[in-house]
Amino acid sequence: MKTKLLTLCCGLGFLFAVIEPSFSQEQPPPRPEGKTPLPAKRPVPAFPMDEAGFTPAAEKEALEYIRQSNPKAAEELESIKREHPEIYFGRLKEVLMLTHQLQMALADKRVVEARVFFDRAQALAMEEQRQRELLKMDFERGMREERLRRTQKDDPARFEREKKIAEFERQSRELAESYFKAQDEAARKTLRTNLAEIVTQLFDLREQNRQEEVKRMEADLKRLKDTLEQRQKNRANIIERRIQQLTGEAGTMEWE
Numbered sequence: 001m002k003t004k005l006l007t008l009c010c011g012l013g014f015l016f017a018v019i020e021p022s023f024s025q026e027q028p029p030p031r032p033e034g035k036t037p038l039p040a041k042r043p044v045p046a047f048p049m050d051e052a053g054f055t056p057a058a059e060k061e062a063l064e065y066i067r068q069s070n071p072k073a074a075e076e077l078e079s080i081k082r083e084h085p086e087i088y089f090g091r092l093k094e095v096l097m098l099t100h101q102l103q104m105a106l107a108d109k110r111v112v113e114a115r116v117f118f119d120r121a122q123a124l125a126m127e128e129q130r131q132r133e134l135l136k137m138d139f140e141r142g143m144r145e146e147r148l149r150r151t152q153k154d155d156p157a158r159f160e161r162e163k164k165i166a167e168f169e170r171q172s173r174e175l176a177e178s179y180f181k182a183q184d185e186a187a188r189k190t191l192r193t194n195l196a197e198i199v200t201q202l203f204d205l206r207e208q209n210r211q212e213e214v215k216r217m218e219a220d221l222k223r224l225k226d227t228l229e230q231r232q233k234n235r236a237n238i239i240e241r242r243i244q245q246l247t248g249e250a251g252t253m254e255w256e
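Residue numbers (the working numbering): 1 to 256.
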């Protein structure tokens, strides 16, 4: 355990040593269109560690260091700490290392590499959220398949829509995974465009289902209102029959 920690500390120490500690604050480089701007390069602090890993003070400082360079990654790390504490420190170390690599690339004005490290850190921190979204989509797909079995005979039009939704959901998951794995900016742009088209069609299909659901609910509400109106007209008779049931003058005892 101590040997592993010593190796980790030495590795981090070497990384800190090769970074000039007195970098001046600079304006961030220009960003590609549609991208989050890259941060300015910053001094790299030391992060003291004990046998358990980060000390509380070092953890706080590391998170703040990440936040200055990549606010979204820091936000996702805090979410992981709340929801998945068992993997939090491992993920923190990985994102911290990518943040160091980002700062080194910025120091050498290697903007393309800096963008790669920036995006990787954000994707790594968001991995748990993406996994939760995929699980949710899988659950919804299972529910949709069950609805398909019920509606194939009763509602053929809805059945066809649900089949399209299932197919578009599958395509959207595959495109999203390809987007996160792609390193080439042009490929990512194309994948994102294709994903937007699929998600737009999904939205329209889901809206059709919701509109039909609203119509069904309105029809049910009308039937309930008609029933209520009829009961009010027969109020006296209904009350009398109930009294007869309670006094044994009538057969079964139930409200109409």
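Among these hints, one or two may not hold up.
[To be verified] Cut-off 30 Å, straight-line C-alpha distance, at most; resulting in silico cross-link-like pairs (DSSO-like, lysine-lysine):
id : residue 1 : residue 2
1  : Lys189    : Lys222
2  : Lys215    : Lys225
3  : Lys233    : Lys222
4  : Lys93     : Lys81
5  : Lys93     : Lys60
6  : Lys181    : Lys153
7  : Lys163    : Lys153
8  : Lys60     : Lys72
9  : Lys181    : Lys93
10 : Lys215    : Lys153
11 : Lys215    : Lys181
12 : Lys153    : Lys222
13 : Lys72     : Lys163
14 : Lys164    : Lys153
15 : Lys181    : Lys163
16 : Lys225    : Lys163
17 : Lys222    : Lys72
18 : Lys163    : Lys189
19 : Lys215    : Lys164
20 : Lys164    : Lys189
21 : Lys181    : Lys81
22 : Lys189    : Lys215
It is worth saying that the hints were derived from the structure and are not from the lab.
The hints, checked one at a time:
no. : hint            : in the structure
1   : Lys189 - Lys222 : violated, 49 Å
2   : Lys215 - Lys225 : holds, 15 Å
3   : Lys233 - Lys222 : holds, 17 Å
4   : Lys93 - Lys81   : holds, 13 Å
5   : Lys93 - Lys60   : holds, 13 Å
6   : Lys181 - Lys153 : violated, 41 Å
7   : Lys163 - Lys153 : holds, 14 Å
8   : Lys60 - Lys72   : holds, 16 Å
9   : Lys181 - Lys93  : holds, 21 Å
10  : Lys215 - Lys153 : holds, 20 Å
11  : Lys215 - Lys181 : violated, 42 Å
12  : Lys153 - Lys222 : holds, 25 Å
13  : Lys72 - Lys163  : violated, 36 Å
14  : Lys164 - Lys153 : holds, 17 Å
15  : Lys181 - Lys163 : holds, 28 Å
16  : Lys225 - Lys163 : violated, 35 Å
17  : Lys222 - Lys72  : violated, 49 Å
18  : Lys163 - Lys189 : holds, 28 Å
19  : Lys215 - Lys164 : holds, 21 Å
20  : Lys164 - Lys189 : holds, 25 Å
21  : Lys181 - Lys81  : holds, 24 Å
22  : Lys189 - Lys215 : violated, 39 Å
Comparing the model with each numbered hint stated earlier shows that hints 1, 6, 11, 13, 16, 17, 22 do not hold.
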